[in-house]
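Asker: Residue numbers (our numbering), protein chains in the order written: chain A, 1 to 312; chain B, 313 to 575; chain C, 576 to 915.
To be clear, the hints were calculated from the coordinates, so they are not data collected in a lab. It should be emphasised that the depicted structure is a prediction, and the values quoted were computed from it without experimental measurement. Just so you know, even glycine gets a beta-carbon here, dropped at the ideal spot from N, CA and C. Check the hints yourself; a few may be wrong.
Said to hold, decoys possible - Listed next, the stretches of chain C that the computed footprint assigns to chain A, with coverage defined by at least 3 CB atoms under 8 Å from CB atoms of chain A: (1) 722-730; (2) 850-857; (3) 866-875; (4) 889-900.
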Amino acid sequence: MSGSDGVAGSADLRRGSTAAPGGARASAAGGLGRVIGYLARRPGLAFGLGIVIVLAAGAVLAPVLAPFPGDAGNNTNLMASLLPPGGVHPLGTDLAGRDVWSRILFGIRISVGVSVVVIVSSLLVGIPIGLFAGAVGGKLDDLLMRVVDVFLAFPSLLLALAISATLGPSMEHAAIAITVSWWPWYARLMRGEAAAIRGRAYVEAALLLGIPRWRVALRHILPNAIGPIIVQASLDLGGVILTFAALSFLGLGAQDPTPEWGLMVEQGRTLTSTQPWVALFPGAAIMTAALAFTLLGEGLRERLDPKGLARS
Amino acid sequence: MIEEAPLLSIRDLVIEIRGRRLVDVAELSVGRGQIVGLVGESGAGKSLLLSSILGLLPADATVHGSIIFDGLELRGAPDRLLRSVRGRRIAVVLQAARAALTPTLQSGTWIERALVLHHVPAPERRARIAHALEAVRLDPALLRRYPHQLSGGEAQRVAIALAVALRAQLILADEATSALDVTVQAEVAELFRELRQTEGTAVLLVSHDLALVAGLADRIDIIAEGSIVERGGPAVLTDPQHSVTRELVTANPTLGRAPEAAP
Amino acid sequence: MRRILVRRGLQSLVVALGVGLLAFVITRLLPGDAAATWAGPRASADELAQVRVQLGLDRPLWDQAVRYIADLVTGNWGTSIHTRQPVLSDVSGRFMTSLELVTFALVIAALIGIPLGVLAARWKGRPPDWIAGISASLLASVPIFWLGLLLQLLIATELHWLPVAGRWDRTLNAAAVAATRTHMVLVDSLLAGNLTLFVSGFSHLLMPAIVIAAYPIGLFARLTRAGLLETLGEEHIRMARATGYTERAIIWRFALRPSMGPVLSALALVFGFSLGNTFLVENLFNFQGLGSYAVDSIAALDAPAIAGTTILVALAYLAANLAVDLIRPVMDPRLREAGR
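All chains should be built: construct the whole structure from the sequences, respecting the hints.
Answerer: Printed below as a string of structure tokens:
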């Protein structure tokens, strides 16, 4: 879009490398001020980022912050069963007398941690496939995309359910199941970007210069497609957190006593009218985490994915 | 000779956007049936001036001065008044001919809807459209086409046909020929000349194309950095006085006549 | 235009085939010996062998796959192990129930989401815009099962505005209710002229539909806003303004239709997604739809039933996509030429 000149080719080729456009900032303080100003104008992004940082802190510091760290494990204290929020138990206790707040804290590692693993795995599977298909094009591309379409047409949660059921209900199996249904989105996204960039002049130039295809793919195509993928991954983190919680709610994911938030909601399900806090707070935690990543993804979209390639 | 009051009379027009003064025109008028060319480089303020006439500036723009059209003060006028003038009395023809028409409507429907909007009764609509098509020499079959199925010249004619059908007294042409093929440009220019004869339509044509304006306009106003620097008949381009005009003329090889004092 | 349709149709067919194959693979991967499950725990070795031949399990795998696909196409979707009914009739009946729910939900989502998006675009940067934006983000983040529980608690149990669960009031005339032909309460009740049942079915559909609609509302609002803002920047909108139309007319009559493309595509996506995810809602609200059937089948390791369910949902998703591909050129004439 910027004016072209005689050296357009080389300039564009450089675009594929990791050279930062702005160069080093004059001072770190100035840089920080810029970041703060940027965030201040975007409350959504700021809020999302803030919560994510809090979550990360919570995950790391859970053993220190939780008043009853043992409750996240095998501890039960039937004497303290179903205590309302207040005092020693800020969010109350569940049926087994376990402190809800502590379990929520430790749950960050489970709910968010596993979701991160799932997303990373999906990326590791989807990106190479999509990159390959998009860079190569032709019949192979078509074939691979049909396979992707088949996976996409499969109702993802049902697929996850079936796989979980087949392998046996457990956290790890649920993670595998979700990954299997999630990777096609990245494959398709990556392939779309790769196919679009493949036709550009600087890629042709690079190929003509004799640079091997795989190198062109890695150095020129991949970096340009990374933006939308990061946005998508962030948005999806929210989605995976929800999906994982849903599977656990159905009993196919994490099992007791793991403090997974979805499981905790299920445990409070029959108690909603009398002891609502058991199901309420874990659900709120799920929502907060999902919201944070959704806001983060949407906030990043402006910078990383202006064309809006990452869906929803 | 009694001078008729001009159709459009702009006085002391100042347009500012975010503190920057972008247009500062002391006086500009267009008489009935007159063709005035507004010429200048990009960024000189020509399009802003046109937009301000119908109150179509961005929200953060401030406008001062007076814009009187046929006795009506348009600057700062209430929305209702402006909407009654838009299209119906002052028509607009834009640079991107096809993009200016609604893509989901057939061109005939597009024209018809505008006539309905301006309360032209049903029986009269058909007659007006037929007359307009004749005046702009547009094949009626093209009315069933969608904008993307028309050529640039045809789409431009549709827009002009609307102006004729609504019996607009003034056409604001914002680079109306700039995106068209050269031969088509001449056709559109010819069309403006004809309409002046048959319908009495005045035209305020904004353009950077000196040659076109030279062959078409009764009067040419040169605008630079928001103000009018020179004006006059077509001779203004063969014998430019102001430096800006001179620069524009020398930079334009198609004018065909070198100015007296070549640099 | 026809050429695009044919091409998309063929593509869908290929994908459908792939889905069928994948379903077949799943049935073979599920643990448990299908023959043993079918024959029952007290079958003798001979009976087992017989059943095995009957079910075609003795043939080579590729042969089984081909037969499987052929059966699917001819309408023989096998027999469900846990209901002992033909899978096709089981699945199609339940499907209609879920279809009713999802369609109802998506209609609500469109009716709320699209105007919300228009509002956000119209008042861009001002309070209505960011309220809409926050709402959309919130709705996209709320866990469905939790929302369902909350709504049930608040609206049904505390306020008694809507029924807690079920598809219709149990105290209604059972005979009238039993005249279900399409398995869709709203349709059947209208066909039978039973207005009480219609109202009851409607009120029972509201809460689960709202729960399902939550996420799409946000999505449609966001897509409408984005599409509208983009369209509003186009030349033909400037022209429409210069022709004298009111701002309201410009948004609703000129800008909205060309902006609806992404919303329609999202509609198909959400349709397929929701159909496959109804079991959470069905579980909460006690709807006998496809979702609960799927869960039951999975619990019973009922391979044919599981396969049948997933195939049907996948087919529905493909059909929805095809439908959107058909509608989009109708809405936007620019898409009617080949090659788009």
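Asker: Now look at each hint and say whether the structure bears it out.
Answerer: Now for the hints, and whether the structure bears them out:
1. 722-730: Held - the stretch 722-730 of chain C has 4 residues with a Cβ nearer than 8 Å to chain A, which meets the minimum of three.
2. 850-857: holds (count 5)
3. 866-875: Contact hint for the stretch 866-875 of chain C vs chain A: holds, 4 residues under 8 Å.
4. 889-900: This one holds; 3 residues, not fewer than the three required, reach chain A with a Cβ under 8 Å.
The earlier numbered hints are all upheld by this structure, with none contradicted.
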